[in-house]
Amino acid sequence: MDFTLPEEIEEKRKKVREFALKEFTEERKRYFDENEKYPFEIRKLAYELGIINFSNPWDLLVSIEELCRVDPGLGISSFVYAFGSEILMLFGSDEQKKKYLEPVQRGEKIMGFAVTEPVAGSDVAGIASKMEKQPDGSYILNGSKMFITNGSIADYVLVLARTAPPPSEEKRHHNMSMAIVEMKWPGVSANKLKGKMGVRATDTAELVFENVRIPPENIIGEIGKGFYYVMTFFNITRIYVAAMSIGIAQGALDMIVEKAKKDKKFSSQESIQFTIAEMATRVDAARLLTYRAASLLFQFNPDPVFTSMAKYFAAETATYAAETALKVTGLDGAITSLERLFRDSKIMEIWEGSSEIEKLVIYRMFMKKMGVE
Amino acid sequence: MDEEHRVLESVVGEFASKELEPINKQIELEGIPKELKKRLSSQGFLGALAPYDLGGASLDRLGYSILLKQLASASPSVAFYVFLENSFVIKSILLKNEVREKIGLISGGEISGTFYYSHLLNFLEPGEIKKIDSKLTGKLNAVINSEANLFIVPADDGKFYLVESGFHPLDEHEKLGFRGLRFSPVKFDTSIKDAIEIPLNVDELIDDTHLPISAIAIGIAQGALNKAIEYAKERSAFLHKLKDFQPLAFGMAQAYSQLDILNEYLINIAQGERDIKKELMLKIISIDFARDVSKLALQVHGGYGYLMDFGIEKYYRDAMFLSILGGNHLDEKMKLSTLIFQEKAGWI
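If you're matching them up, the sequences are chains C and Z in order. Per the working numbering, the very first residue in the first sequence carries number 7; after that it's consecutive. Per the working numbering, the very first residue in the second sequence carries number 0; after that it's consecutive.
Just so you know, these hints were derived from the structure itself, not from any lab. A few of these clues could be false.
Label pairs and their calculated CB-CB ranges [what the hints assert, rightly or not]:
1) Z:E146 with C:L55: 38 to 44 Å
2) C:A283 with Z:I260: 31 to 37 Å
3) Z:W346 with C:L55: 49 to 55 Å
4) Z:K37 with C:R36: 31 to 37 Å
5) Z:E203 with C:P124: 51 to 57 Å
Pairs of lysine to aspartate or glutamate residues, derived as EDC-like cross-links and limited to a Cα-Cα distance of at most 20 Å, are as follows [what the hints assert, rightly or not]:
6) Z:K186 with Z:E196
7) Z:K174 with C:E32
8) C:K200 with Z:E29
9) C:K268 with Z:E127
10) C:K270 with C:D260
11) C:K200 with Z:E173
12) C:K43 with Z:E173
13) C:K333 with Z:E124
Remember, predicted model here, so these are calculated numbers, not experimental data. Note that CB positions come from ideal geometry on N, CA and C, so glycine has one too.
With the sequences and hints as input, model every part of the structure.
Shown next, in the form of structure tokens:
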């Protein structure tokens with residue numbers, strides 16, 4: 007068992023840290039947060055400088071950590087333009103990959119992933135959007151989606167919708183399918199959601215689909231398999247959300263260490279020393295859980311138990327670290343970007359499967375491993 | 000609780016739901032509107048601790064706690080504003096006969112005041128006001144309600160001064176909570192002849208805030224939990240209402256029970272003789288509780304809780320800000336330890 011990352015990955019970590027410290031200036035962090043603007047220029051720069059490298063998953067993982075360590079809003083915006091691309095990589099046709107995936111990978115286009123609905127968040131099988139097959143083979147999509155990352159800036163989104171009613175209550179997850187929908191198509195509209203508590207530089211929108219015609223070649227994979235595709239996707243992206251969370255927790259730890267360096271009276275108190283010790287331990291534990299889950303995933307052997315453990319624990323560590331650091335640094339933290347880390351951290355326990363959903367997954371899959379169906 | 004306090008609770012509760020809830024978003028985005036300050040004044044809230052002869056409501060400790068709790072359950076920003084005006088500004092002014100007439104202006108909502116105590120909160124860069132020749136000059140950081148017309152501020156001679164001119168607020172700080180109030184550094188260049196020394200004992204003044212801060216914390220928890228309970232009754236997932244799921248129901252039931260106990264304790268302490276130990280115990284527990292419950296309430300709301308429109312996220316931010324502005328944690332925990340051990344404790 008070797009706990010070290012390859013040298014080139016550690017080098018990349020340093021490079022990304024330098025990039026984030028240089029480009030995510032206090033003025034930019036504050037501007038994009040206050041104005042709820044997506045940082046197109048920063049995203050472009052991150053791409054051009056090779057900060058984001060989708061071809062090496064460990065490279066991507068540590069880059070996400072380091073970007074979010076400095077600023078989650080700008081950090082997430084720097085790489086999330088390809089959100090949903092794993093679905094196309096795994097289940098898309100060659101034509102779909104060429105037409106839709108490659109321009110995203112070249113940094114030219116922005117993609118989104120539209121699953122959550124106003125009435126169905128954690129309960130993916132509760133979605134109501136419908137795609138109805140037409141005599142000419144195309145599909146007509148109707149419905150709405152909520153909290154869609156990149157929703158108002160995406161060129162296209164991958165949409166989950168019902169293509170037939172569920173066979174029974176127990177099998178509500180059957181008969182859902184995925185399709186690529188271009189945002190410029192007639193009947194597609196996006197309403198940017200304003201007033202988020204955190205990650206305000208990222209774009210989030212509500213999408214409405216009214217009689218949107220989808221050509222058959224835009225259906226992803228097999229009809230009726232959409233739910234499985236989404237769950238496969240979550241098994242990948244939860245690792246990256248865990249990495250974001252570790253970045254936030256590490257960033258909060260950095261802030262408390264900074265105060266301890268400056269204020270000897272503060273750091274001489276044992277209650278503060280214990281707080282730092284506890285926080286450093288939890289951050290490391292979250293990182294180890296995540297790296298184990300990532301290692302399995304990157305060897306094409308994902309384990310949903312470890313993935314959900316990593317996401318759940320890392321997300322809770324992010325909020326714990328941000329809350330604790332802010333509480334003990336007091337006004338010194340409240341008038342710095344620690345205040346923003348605190349606001350940003352909470353979404354980690356909500357998106358890509360809330361902590362409650364992660365616990366359900368852990369329980370069910372863990373018990374299965376233990377031979378209990 | 001007697002009839003008089005029950006009526007007060009009901010009146011303030013109604014005011015909070017009719018006057019604060021509908022404009023909560025406006026308060027958060029644009030600050031507390033002037034018209035609202037007038038209405039707070041006409042209800043007697045801005046002069047809650049001022050004596051009758053100065054136009055105040057002269058509330059007792061229980062009445063004042065009820066007022067702050069009920070206001071905080073709808074708008075923590077407004078509750079903190081009322082607290083600041085009463086517990087710091089009016090109480091300080093009452094110590095100086097020559098300026099007592101200003102209380103009428105504050106309780107009437109015509110001017111607002113603020114009191115600087117951030118330097119007592121283990122804050123590394125509070126700034127400083129120096130008394131040089133004929134001037135009070137300098138800059139203070141992290142001033143809450145920095146758009147006030149009247150400031151009570153410390154100078155480098157260790158005294159507090161009331162000033163009404165020769166200052167201006169600078170650009171705002173990051174704004175964690177109480178967004179209805181401006182939070183920024185303020186620059187001072189005030190003629191000493193326009194500054195009035197206030198003979199206050201700042202430790203006593205701070206000790207008197209334990210109970211009102213507890214009331215605000217309990218109000219925040221109450222407001223957040225009420226919204227979470229309502230939401231859990233309405234929202235469905237996996238073909239059931241959220242309230243039907245054990246982890247959520249048990250968590251909220253536990254929080255409800257703790258809230259009820261804290262509320263009873265608050266009423267009990269507010270009606271009894273002054274007891275610093277109990278007040279400190281209540282404050283430390285209530286602030287932690289407000290943070291935990293507001294976090295739970297946000298989680299129950301899921302993604303919607305993260306949006307300002309649902310009025311939940313502000314409780315989470317405000318509870319954290321209250322824990323920062325509510326006192327110096329380390330000093331207070333050491334003080335409580337010493338009170339409990341009845342000798343110096345918790346100092347290593």
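- Message: Name the hints, by number, that the structure is in violation of.
- Response: No numbers; nothing is violated.
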